[in-house]
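Based on the sequences and whatever the hints tell you, model everything.
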Amino acid sequence: MLNRKVIAQNITNLTDARYFAAWGVDYLGFNMMPDSEYTLPLDKIKEIKEWVEGPKCLIETNALDFNEVADGHILSNIYSSIPLSKEAFYRINLEEIKKGLPSGKYILDLESENQLDVLAKIDSTLTQGIELYLNIADIPVSLFPKFLDFNLVIQGGDEEKVGVKSYDELDELYELLI
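Residue 133 in the working numbering sits at position 144 of the sequence shown, and the numbers go up by one each step.
These aren't lab readings, by the way, just hints derived from the structure by calculation. Be careful, since some hints might not be right.
Straight-line alpha carbon distances no greater than 20 angstroms define the calculated DMTMM-like cross-link-like pairs of lysine to aspartate or glutamate that follow [unchecked claim]:
hint: 1; residue 1: K87; residue 2: D106
hint: 2; residue 1: K45; residue 2: D32
hint: 3; residue 1: K135; residue 2: E100
hint: 4; residue 1: K94; residue 2: D60
hint: 5; residue 1: K(-6); residue 2: E76
hint: 6; residue 1: K45; residue 2: D60
hint: 7; residue 1: K94; residue 2: D15
hint: 8; residue 1: K135; residue 2: D98
hint: 9; residue 1: K135; residue 2: E164
hint: 10; residue 1: K154; residue 2: D127
hint: 11; residue 1: K94; residue 2: E120
hint: 12; residue 1: K88; residue 2: D98
hint: 13; residue 1: K35; residue 2: D15
hint: 14; residue 1: K135; residue 2: E120
hint: 15; residue 1: K94; residue 2: E76
hint: 16; residue 1: K110; residue 2: D138
hint: 17; residue 1: K87; residue 2: D98
hint: 18; residue 1: K75; residue 2: D60
hint: 19; residue 1: K154; residue 2: E26
hint: 20; residue 1: K35; residue 2: D147
hint: 21; residue 1: K135; residue 2: D106
hint: 22; residue 1: K135; residue 2: D112
hint: 23; residue 1: K87; residue 2: E100
hint: 24; residue 1: K88; residue 2: E120
hint: 25; residue 1: K94; residue 2: E84
hint: 26; residue 1: K38; residue 2: D60
hint: 27; residue 1: K(-6); residue 2: D160
Next up, the structure:
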């Protein structure tokens, strides 16, 4: 069992989905934003989801057109005041945390390693009442001690060929999370 909640985002293949499900991640995130390099059509998401058990399915979108496949959504540039029937995660940046946020679930997209130091110095009352996930896709695993106790977002990616992929760096992170 992992020592914090984890979202594996931008899943584009069954290899990643099964690998992260075996880790015991809480969520598999699929991207349906048309301008994303990771976008997948709904039928492909359904196909992958049929082969994986355990994690909840999140769909990343920039529209409030929710579908029945998802257990929840990752919303970019949308803050909904209407009650949502499924889990919603909102993408934010460091400046938004400094202003204060209403209770909810947020994914902090870290733009540089320096932002980990800035985050550590933020008044802890600003993160109370929110469930914060750090997107560490571009942050080296060697900085793991700076992730503190925050939940994490990790990155799926391309296979070398169907069913073949190296997970060496992610295996190192996994060892730190168990």
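Hints, verified against the model:
1. K87 - D106: holds, 14 angstroms
2. K45 - D32: holds, 17 angstroms
3. K135 - E100: holds, 15 angstroms
4. K94 - D60: holds, 14 angstroms
5. K(-6) - E76: Between K(-6) and E76 the Cα gap is close to 14 angstroms, so the pair holds against 20 angstroms.
6. K45 - D60: holds, 6 angstroms
7. K94 - D15: Roughly 14 angstroms between the alpha carbons, so the hint for K94 and D15 holds.
8. K135 - D98: This hinted pair holds, its Cα atoms lying about 15 angstroms apart.
9. K135 - E164: holds, 16 angstroms
10. K154 - D127: OK: K154 and D127 at ~18 angstroms, within 20 angstroms.
11. K94 - E120: Distance of about 5 angstroms is within 20 angstroms: holds.
12. K88 - D98: With a Cα-Cα distance of about 16 angstroms, the restraint between K88 and D98 holds, given a limit of 20 angstroms.
13. K35 - D15: holds, 18 angstroms
14. K135 - E120: Answer holds: K135 to E120 is near 18 angstroms, not above 20 angstroms.
15. K94 - E76: Holds: K94 and E76 sit about 8 angstroms apart, inside 20 angstroms.
16. K110 - D138: This hinted pair holds, its Cα atoms lying about 14 angstroms apart.
17. K87 - D98: Within the cut-off at roughly 14 angstroms; holds.
18. K75 - D60: With a Cα-Cα distance of about 6 angstroms, the restraint between K75 and D60 holds, given a limit of 20 angstroms.
19. K154 - E26: holds, 18 angstroms
20. K35 - D147: Satisfied, since the Cα-Cα distance of roughly 19 angstroms is no more than 20 angstroms.
21. K135 - D106: holds, 7 angstroms
22. K135 - D112: Distance ~16 angstroms between K135 and D112 Cα, so the pair holds.
23. K87 - E100: Roughly 16 angstroms between the alpha carbons, so the hint for K87 and E100 holds.
24. K88 - E120: holds, 16 angstroms
25. K94 - E84: holds, 16 angstroms
26. K38 - D60: holds, 11 angstroms
27. K(-6) - D160: Distance ~17 angstroms between K(-6) and D160 Cα, so the pair holds.
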